Structure formats: C-alpha cells, structure tokens
Amino acid sequence: FSVERFPLLVVIIKEKSVILPINVAWGCDGPEQVVNKLMEGLEEYQRIKNAEAAEERERIEREKIREEQAREYEQSLAQDRARQERLEREKNEQKAEEERRAKEEQDKTKRLQELAASLPMEPAAGETNIAIVRVRFPDGNMQLRRFRMSEPLRNIALFVESKGYSLDTHRIWTSDMPMKNVVESYDLNRSLADIKWPVREQITVDEK
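First residue of the sequence shown? That's 1 in UniProt numbering, and the numbers climb one at a time after it.
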C-alpha cells in the first residue's frame with residue numbers, strides 16, 4: 001500500500017456474531033467518498049438489523065404457534081382425561097346403583113320369604129271353622145287365602161306383606177260400608193273368632 005492511502009477507515013458490521021468488513025475508506029478518498037462508504041455500511045447494517053428483526057418476529061410467531069398448539073394439546077388431553085374420569089365415575093356409580101338395587105331386591109325377597117314362612121300352613125278347603133279371604137291388590141290382581149278362625153288377625157296382614165305390600169306404605173280395607181282400616185280398627189293380636197271376622201270377606205289393599 002502507498003503512503004497516500006493511509007490513514008484508512010475500515011467499515012465493519014456484525015451479522016449473527018460474525019464481524020464482517022464492508023468497505024474501506026482510504027486516506028486518499030475525498031470526503032464525499034468516505035461519507036458514501038459509511039452510508040453503504042450503515043445501509044448494510046440496517047438491512048441486517050431489519051432481517052434479524054424479521055427473523056426474530058418469525059421466531060416469536062413460530063414460538064407462539066408452538067405454545068398455542070402445545071396448550072391446545074394439553075387442553076385436549078385434559079378434556080380427554082376429564083371425560084374418561086367422568087365416564088369411569090358414571091360407570092362406577094351405575095355399578096354401585098345396580099349393586100344397591102340388587103341388594104335391596106335380595107333383602108326384599110328374603111324378607112318376603114321369611115314373612116311367608118312365618119305364616120302357619122294354609123288350612124285345607126274341607127276344614128271347618130275357617131275364614132276365606134279374597135284380597136284385591138293395588139295392581140288389580142286378586143287372590144284367595146284361607147285362615148283358621150283361631151289365627152290372629154295379624155296373619156292376614158302378614159299375608160299381605162308377604163306379597164310385597166308393606167304396611168308402612170299400604171293400607172288394608174274391609175268390605176264394610178263404610179270401609180274399615182284393618183290396622184287402625186282392630187287389634188291385630190286378637191283371633192279372627194274374637195273379632196267376629198266374617199267367614200267370607202274381601203279386603204282391598206291400596207297405597208297410603
């Protein structure tokens with residue numbers, strides 16, 4: 001290099017951590033040339049900054065999209081888990097309800113069997129001193145049952161209960177006019193003979 005070319009001014013820029021020489025202003029360059037070379041360096045620098053800013057915006061946008069996708073994915077997973085848990089809970093609740101109903105039905109069947117077993121054997125049709133009772137149930141069905149006059153009135157009530165009609169929720173009416181509530185009008189521990197129960201009677205069972 002000749003002496004006239006010094007001093008010199010090297011225009012450098014930094015792009016992605018790499019320092020690059022863009023232009024050189026020599027000592028022999030005029031002021032306008034130096035300014036032009038500096039402006040070229042500034043323009044290049046601005047171009048790089050704009051490109052980096054655009055890349056950064058794109059990176060941020062991609063990151064937002066990834067975050068949104070990740071958030072939507074997590075929400076979808078959470079919804080799937082919640083739905084699965086709800087289905088599992090409903091399944092367990094349904095199973096528990098079915099088991100409860102089955103247990104209730106078993107208990108009811110057992111109680112009805114015990115009530116039926118607690119009754120004395122039905123007297124034969126040819127026996128004397130018996131009462132024939134026709135029972136009309138709430139579902140419209142009717143059933144005849146014979147009882148010895150020596151049996152307590154409670155046995156008629158037990159027979160009704162053994163058919164699934166609890167006295168807690170049902171009443172038994174005689175055929176008298178006006179009808180009488182059997183439980184409220186009579187002492188269930190007295191015999192049919194003692195209360196002068198008719199030898200033929202129709203009773204009606206209804207809900208309270």
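Take the hints with a grain of salt, since some may be wrong.
Using C-beta positions, here's what the derived DEER-type ranges look like [unchecked claim]: (1) R86 x E114: 16 to 26 Å; (2) T169 x R200: 50 to 60 Å; (3) E88 x E207: 51 to 61 Å; (4) T169 x N129: 28 to 38 Å; (5) K95 x E127: 20 to 30 Å; (6) V183 x A78: 54 to 64 Å; (7) M142 x A116: 13 to 23 Å; (8) L42 x R71: 33 to 43 Å; (9) V10 x E63: 33 to 43 Å.
The set of hints was computed from the structure by calculation and includes no laboratory data.
Fair warning: this is a prediction, and the values are worked out from it, not measured in the lab.
Note that beta-carbon positions come from the ideal geometry of N, C-alpha and C, so glycine has one too.
Which of the listed hints are broken here? Hints 1, 2, 3, 5 are the ones this structure does not satisfy, whereas the remaining hints hold.
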